[in-house]
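**Student:** Let chain H serve as the given structure and place chain R on it in line with the hints.
For the record, the sequence lines run as chains H and R.
Position one of the first sequence corresponds to residue 34 (the numbering used here), numbered consecutively onward.
Position one of the second sequence corresponds to residue 34 (the numbering used here), numbered consecutively onward.
Worth double-checking, as some hints may not be accurate.
Chain copies aren't distinguished; within one or between two, either way the pair holds.
To be verified - Below, simulated BS3-like cross-link-like pairs (lysine-lysine); rule was C-alpha separation at most 27 Å, straight line: (1) K315 with K108; (2) K329 with K96; (3) K250 with K372; (4) K330 with K315.
No lab work stands behind these hints: they were computed from the structure.
Small disclaimer: the values here were computed from a predicted structure and weren't measured.
2 protein chains.
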Amino acid sequence: MKRSLLFSLVLLAFIGLACQQEKSVSDSVSEKSENSAEEIVAIVIHGGAGVMSRDRMSEEKQKEYIAKLDEAISKGHSILRDGGTAMEAVQRTINILEDSPLFNAGKGAVFNHEGYNELDASIMDGQTLNAGAVAGITNVKNPINLAYEVMANSDHVLLSGSGAQEFAKTRNIEMVDTSYFATPSRLEALKRAQNKTALLNWEDKKFGTVGCVALDKDGNIVAGTSTGGMTNKRWNRIGDSPIIGAGTYANNATCGVSSTGWGEYFIRLAVAHDISAQMLYKNTSLQEAAEDVILKKLPEIGGDGGIVALDKDGNISMVFNTPGMFRASIDKNGEKTIKIFK
Amino acid sequence: MKRSLLFSLVLLAFIGLACQQEKSVSDSVSEKSENSAEEIVAIVIHGGAGVMSRDRMSEEKQKEYIAKLDEAISKGHSILRDGGTAMEAVQRTINILEDSPLFNAGKGAVFNHEGYNELDASIMDGQTLNAGAVAGITNVKNPINLAYEVMANSDHVLLSGSGAQEFAKTRNIEMVDTSYFATPSRLEALKRAQNKTALLNWEDKKFGTVGCVALDKDGNIVAGTSTGGMTNKRWNRIGDSPIIGAGTYANNATCGVSSTGWGEYFIRLAVAHDISAQMLYKNTSLQEAAEDVILKKLPEIGGDGGIVALDKDGNISMVFNTPGMFRASIDKNGEKTIKIFK
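Here chain H stands alone, though its shape is the one from the complex (with noise of 0.2 Å):
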């Protein structure tokens, strides 16, 4: 009976022992992510999902797609890395890819069903949970600039069509012709869509929207997304990537996210809020929340697509349902990563 007592005690000890190690230990941890999160920063884009597989883009096409995605993830990073805030950073790299006609944001953007080019763009602050967005605009060089100046410099989250556009003139903000945003690939692949007989290809297949989130050094989020939505769409359809809660959102207290895929579905799931809201509320890992919404929510509607989001800590998520994403991160430790397959 004595033994047996001594036994427990020396048990209950061990336990107490171990309890209070476990709390040591999570103290340090907490210390240290505060510590580094006044100094870590990472960055994450994705120029848009789809079907593509390696037999079907040529390698000079691989590399083309690699080297402009570096080239923009390099700048982002750069900036932030530079003490510069992510608001500055997210707008930036994402100049970059709607500069580029590989990606369907800004110049080469897909043309719909009328024959031109419409542009959404959106951006959101995880700090004060600001946000801007344009939808419709068609001869704004860089959309996601007028998201920024939107947020920035007027009392509105959302302008629309030709109503943004007289808005884009009382700002400092770069106008083109229609004609700039137009590329023949692009015209092209409006020709297929409207031909039913014609066969499709891999580009046709892909969302090309373009996204990024950065996390800066005072720890605050910003995530961006520009598009310019369907090849063939209808009606000034606005699909999800100017949509606050869809194709974009950020919270300090979270994550920020972007999304890239088949809009109607994305906004029907509130996807980006949905990723943020898993993680405040279910206390889930940013991987966890990600993967429930695009891998198992999104394809049980029908959707497809994928998102690129990083945390508060700055882990980082690249996450999608499609044989492929065009995507690239530089992490907290300043490791980069491109990508196009799975």
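**Tutor:** Quick look at chain R alone, frame taken from chain H:
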């Protein structure tokens, strides 16, 4: 020692019995709830939230509002009680509010900066998560019906401006001249808003958006919202009403929500989706979730307004952080509530 052992045994037996009883009570409750889930119907509407007080609104005006809210809620409830769908009930109920010049939706919508009426609406089906919305339309008599057509008969969720109207022409939708929406009192409101020295009256300080959420006998939840937006809005501003996740959300697993208020803040918080997400991920009640978002999060970032909502069991919430909100409900017991002030 023996007495204390006996006491402990009696206590344990008592606890066991209590648990047993509690279980059987909860069983019978859950049975009742399962049965009644096939039977119950419930409906809730709002006609906008804002700065309104008893002494600034004539009794006659109050009676007018109450009569119209009564007409709308009774119509919707009778559809549900007769076995109609929530989809039908929400549209017909909102049509009554859209057709009344008392509310800022359809006839009686507020004027934009340029002096005409731009209307937004959205509707969502909680069973399928299908959704439809329109933004910035100017000659469709009942915008909520066009939102339904977008959901039911297009590949898209959100159509805007002239494109949305082109789509309307392909459907059996009643079109009207833009002058149909114009009312003298809203024109006066625009003049006051544009004349910075004018004294605003209480009607200038309310958000007259209308909305409805209904639960039908099949357990389906549908939410819808229709609005003229903000007086003096510019640049084709789009508020929260046509944004799925902000102004409207419905999910049979949780609840349906329709918002009214300063739309920009509702977009930034993804108000309607956030209420649904809290129920899903934190297992909170509808009322708790709605109070957290409307009474805590919204004022924290400077926003005001309210929501009406109901959950899958027919529980109704009407939560607002303004002095008043035009609202009415008929709950699962058939009890009617119609109120304007706090």
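**Student:** Compare the structure with each hint and give your call.
**Tutor:** Quick rundown of the hints versus the structure:
{"no.": "1", "hint": "K315 with K108", "in the structure": "neither (35 Å within a copy, 40 Å between copies)"}
{"no.": "2", "hint": "K329 with K96", "in the structure": "neither (32 Å within a copy, 50 Å between copies)"}
{"no.": "3", "hint": "K250 with K372", "in the structure": "within (26 Å within a copy, 50 Å between copies)"}
{"no.": "4", "hint": "K330 with K315", "in the structure": "both (16 Å within a copy, 18 Å between copies)"}
In summary, the structure is inconsistent with hints 1 and 2 from the numbered list given earlier, while agreeing with the others.
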